[in-house]
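S.K.: Those protein sequence lines, which keep their order, are chains A and B. Using the numbering used here, read the first sequence as starting at 1 and increasing by one per residue. Using the numbering used here, read the second sequence as starting at 1 and increasing by one per residue.
Hints in this document: simulated from the structure, not taken from any laboratory. Among these hints, one or two may not hold up.
As the list claims (entries may be wrong) - Chain B side only, calculated, beta carbon under 8 Å to chain A, not exhaustive:
no. : residue
1   : 60
2   : 85
3   : 397
What the hints assert, rightly or not - Okay, the calculated bits of chain B under chain A, using three or more residues with CB under 8 Å as the criterion:
no. : region
4   : 63-74
5   : 89-95
6   : 104-111
7   : 156-167
8   : 416-425
Where is the CB? At the ideal position from N, CA and C, for every residue including glycine.
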Amino acid sequence: MKEVVITFLCMAILLYFLLGGADFGAGIIELFTSTKNRSKTRKTMYQAIGPVWEANHMWLIIAIVILFVGFPHIYTTMSVYLHIPLAIMLIGIIARGTAFVFRHYDAVKDDMQWLYNRIFRYSSFVTALFLGIIAGSLISGHIDTQATDFYTAYISGWLNWFSIAVGFFTVALCGFLAAIYLIGETNEYHDKRRFIKKAEFMNIAAVVFGAMVFIAAQRDKIPLIDWVFKSTVGLSAIVLASLSLILLWYLLIKGKTKILRVLAGFQVTMILLAISYAHFPNFIRLKSGNAISLLETIGPEKTIYSLGLALLLGSILILPFLGYLFYKFQKKEE
Amino acid sequence: MDDFIAARSQMALSLGFHIIFSCIGMVMPFFMAVSHYKWLKTDDEVYKNLTKAWSKGVAIFFATGAVSGTMLSFELGLLWPKFMDHAGPIFGMPFSLEGTAFFIEAIALGFFLYGWNKLNKWFHWFTGMVVGVSGLASGILVVAANAWMNSPAGFDFVNGQYLNIDPIQAMFNKAWFSQALHMCLAAFTATGFAVAGVHALMILRNRNAGFHLKAFKIAAIFACIGALLQPLSGDISAKDVAKRQPAKLAAMEALYKTEKPAPLLIGGIVNEKDKTVKGAIKIPGALSFLAHGDFKAEVKGLDQIPENEHPPVAITHYAFQIMVGIGTLLLLVALTYFFILFKKKPLTEKRWLLKLFVFAIPLGYLALEAGWVVTEVGRQPWIIYGVMRTKDAVTPMPGIAYSFYIFSAIYVSLSVIVTFLLYRQIKMVPLLYNKTGANNN
Numbered sequence: 001m002k003e004v005v006i007t008f009l010c011m012a013i014l015l016y017f018l019l020g021g022a023d024f025g026a027g028i029i030e031l032f033t034s035t036k037n038r039s040k041t042r043k044t045m046y047q048a049i050g051p052v053w054e055a056n057h058m059w060l061i062i063a064i065v066i067l068f069v070g071f072p073h074i075y076t077t078m079s080v081y082l083h084i085p086l087a088i089m090l091i092g093i094i095a096r097g098t099a100f101v102f103r104h105y106d107a108v109k110d111d112m113q114w115l116y117n118r119i120f121r122y123s124s125f126v127t128a129l130f131l132g133i134i135a136g137s138l139i140s141g142h143i144d145t146q147a148t149d150f151y152t153a154y155i156s157g158w159l160n161w162f163s164i165a166v167g168f169f170t171v172a173l174c175g176f177l178a179a180i181y182l183i184g185e186t187n188e189y190h191d192k193r194r195f196i197k198k199a200e201f202m203n204i205a206a207v208v209f210g211a212m213v214f215i216a217a218q219r220d221k222i223p224l225i226d227w228v229f230k231s232t233v234g235l236s237a238i239v240l241a242s243l244s245l246i247l248l249w250y251l252l253i254k255g256k257t258k259i260l261r262v263l264a265g266f267q268v269t270m271i272l273l274a275i276s277y278a279h280f281p282n283f284i285r286l287k288s289g290n291a292i293s294l295l296e297t298i299g300p301e302k303t304i305y306s307l308g309l310a311l312l313l314g315s316i317l318i319l320p321f322l323g324y325l326f327y328k329f330q331k332k333e334e
Numbered sequence: 001m002d003d004f005i006a007a008r009s010q011m012a013l014s015l016g017f018h019i020i021f022s023c024i025g026m027v028m029p030f031f032m033a034v035s036h037y038k039w040l041k042t043d044d045e046v047y048k049n050l051t052k053a054w055s056k057g058v059a060i061f062f063a064t065g066a067v068s069g070t071m072l073s074f075e076l077g078l079l080w081p082k083f084m085d086h087a088g089p090i091f092g093m094p095f096s097l098e099g100t101a102f103f104i105e106a107i108a109l110g111f112f113l114y115g116w117n118k119l120n121k122w123f124h125w126f127t128g129m130v131v132g133v134s135g136l137a138s139g140i141l142v143v144a145a146n147a148w149m150n151s152p153a154g155f156d157f158v159n160g161q162y163l164n165i166d167p168i169q170a171m172f173n174k175a176w177f178s179q180a181l182h183m184c185l186a187a188f189t190a191t192g193f194a195v196a197g198v199h200a201l202m203i204l205r206n207r208n209a210g211f212h213l214k215a216f217k218i219a220a221i222f223a224c225i226g227a228l229l230q231p232l233s234g235d236i237s238a239k240d241v242a243k244r245q246p247a248k249l250a251a252m253e254a255l256y257k258t259e260k261p262a263p264l265l266i267g268g269i270v271n272e273k274d275k276t277v278k279g280a281i282k283i284p285g286a287l288s289f290l291a292h293g294d295f296k297a298e299v300k301g302l303d304q305i306p307e308n309e310h311p312p313v314a315i316t317h318y319a320f321q322i323m324v325g326i327g328t329l330l331l332l333v334a335l336t337y338f339f340i341l342f343k344k345k346p347l348t349e350k351r352w353l354l355k356l357f358v359f360a361i362p363l364g365y366l367a368l369e370a371g372w373v374v375t376e377v378g379r380q381p382w383i384i385y386g387v388m389r390t391k392d393a394v395t396p397m398p399g400i401a402y403s404f405y406i407f408s409a410i411y412v413s414l415s416v417i418v419t420f421l422l423y424r425q426i427k428m429v430p431l432l433y434n435k436t437g438a439n440n441n
């Protein structure tokens, strides 16, 4: 059952990155849209993500529940040493989640919309940024569980160049995912053009911040280059990601829009794989040079068995229902 | 503010906030399903409009409940890491099932809210029911996890180690059934009275009385059945607590000395220093009966429990009084309502009855919050009853007070905005759902 639980954990994290990430991206795209096009972007976005919106965020719950039931030591280490970024991310999740619903369900459309929109855009940005910072911090090796002062214990673990670069890289990836997704959700020429522009912009941003991640890694002495280029899996993942990017832009010119999101999702998956494969099953790298490993901190056997069973049963119920939801509410091509 | 107090306050605030939203998200789908069913059966457009109007409220409450619930799943670790380190693998089973139930609820809600004119009408109705049933299941599972903290099971605690962990046994601990039953009935009662009250107010103001009367009737029947059954469930809970957590029962009734037979105290001012209660009405033997089903039975007082294991008596006692007091009041309202229904008198002529329902709008939730204060404060100083103390579980990170201030500000503003949105929804009813049945989705 160990394998089942770890697979579900990885899958939930990945899906949250892709689906939740595209959702954050929608807010980020709106942030970078000129005022005159905003209401149109908002409308397309709402039609696209409205029905699947709540479901996309369930992956975070699944991931966190697997962590605290199956890997309590990892969950509590994160909770203690990444308390501040987690709290900020949560504030972002609360703010954007409620603002998104409030702006749609406010029976009177007046100046309050201005407030909801602001909150939604900025908190989408902040949430994605801190999600990236948290992910970066886990592998940065800056988390110091033996620290005695406040700054080393609760700040420097996440406030470092590498984590911040990963944060901005994540923002760009989320924006990219959202733009690609939205291209397929509109049939109107001008809208399509606009989302393609946004995808280009986010793609460039991702490349720039990606480079920054490598520079920051060098500066903070994180062997990122070794992880990515000295392992076969890492290297092939990067090659596949690059190839799929070329294919993506080629198909875009050809006017194929639905397949794009599969490619964009694949690309982000490959990037995550390239970064995380080399130190799997280690989940948190510590300043002391040790690491907290999934396999070594896994919970007692009976717990893992029943957790795995619950996940398997749950997915039999969830996946077909979820698939039908996505199918039923996708935009039909004209 | 002391970090430990700040952590407890933040947790209490988050739970107190989440509970209201999750109850509404759990109960309203059933009201909608009834109204939706009536529309499908009678083709009366008013029921369709009512279902739609309610579904907007549910969307607002569900989203708020979902984010505050996400917050809680992190907060357990952010505030109580040492508790989660040990408890996670033991009491995690209901949480992992709850994850599934919650996920299904979110998917079904997507179908329900966006499915008008897009889905087969009975499948659409079915998705609404799925929202309700999976919401209810989520609620029961989360309460089962809380029950484990009151009635730890599924492990052996040997020399500070948690051995022989059995998550299934932990889930079906001794308190799960009585707590879950009490909570579900409370959710239906509180939400029912709140919704019925709001619609009663609109009837009194003569705004779209036909629409609001239909809404009132659906909500009121759920509320009143809940209020009628709740005392029975309360009795099961009281006997259960008396057996498992004598300290909590003693604090609920401010019973400082063991007595045989023990009287039931109604009201009274607790003096924690002198360990006395002033000005309470005493009903001889009643506590013995409630706790053990025998008017002459002995009830354990706080004098038989070590001082450092006493819960805060005054808060627990007052909260318990509020809960029972309101419960009794709502029971009387329910009986009156059934009497009027039985006599087949038109409700719109009974303005005093509608006013009674308006008065009851906040009462159910007040009782519900008071009930949670009883169970949570009454468990102190333990986080896992008899095993781990709350103060030993708190995060080592200093400065939690600031976190408490920030999250308080967030929860207060969210409550204000949600109230404001609801006010606007109700105000717009005449415009959105006029007699011709036209509405702008």
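S.K.: Just pull the numbers of the violated hints for me, sorted ascending.
M.R.: Nothing - there is no hint that the structure violates, so all of them hold.
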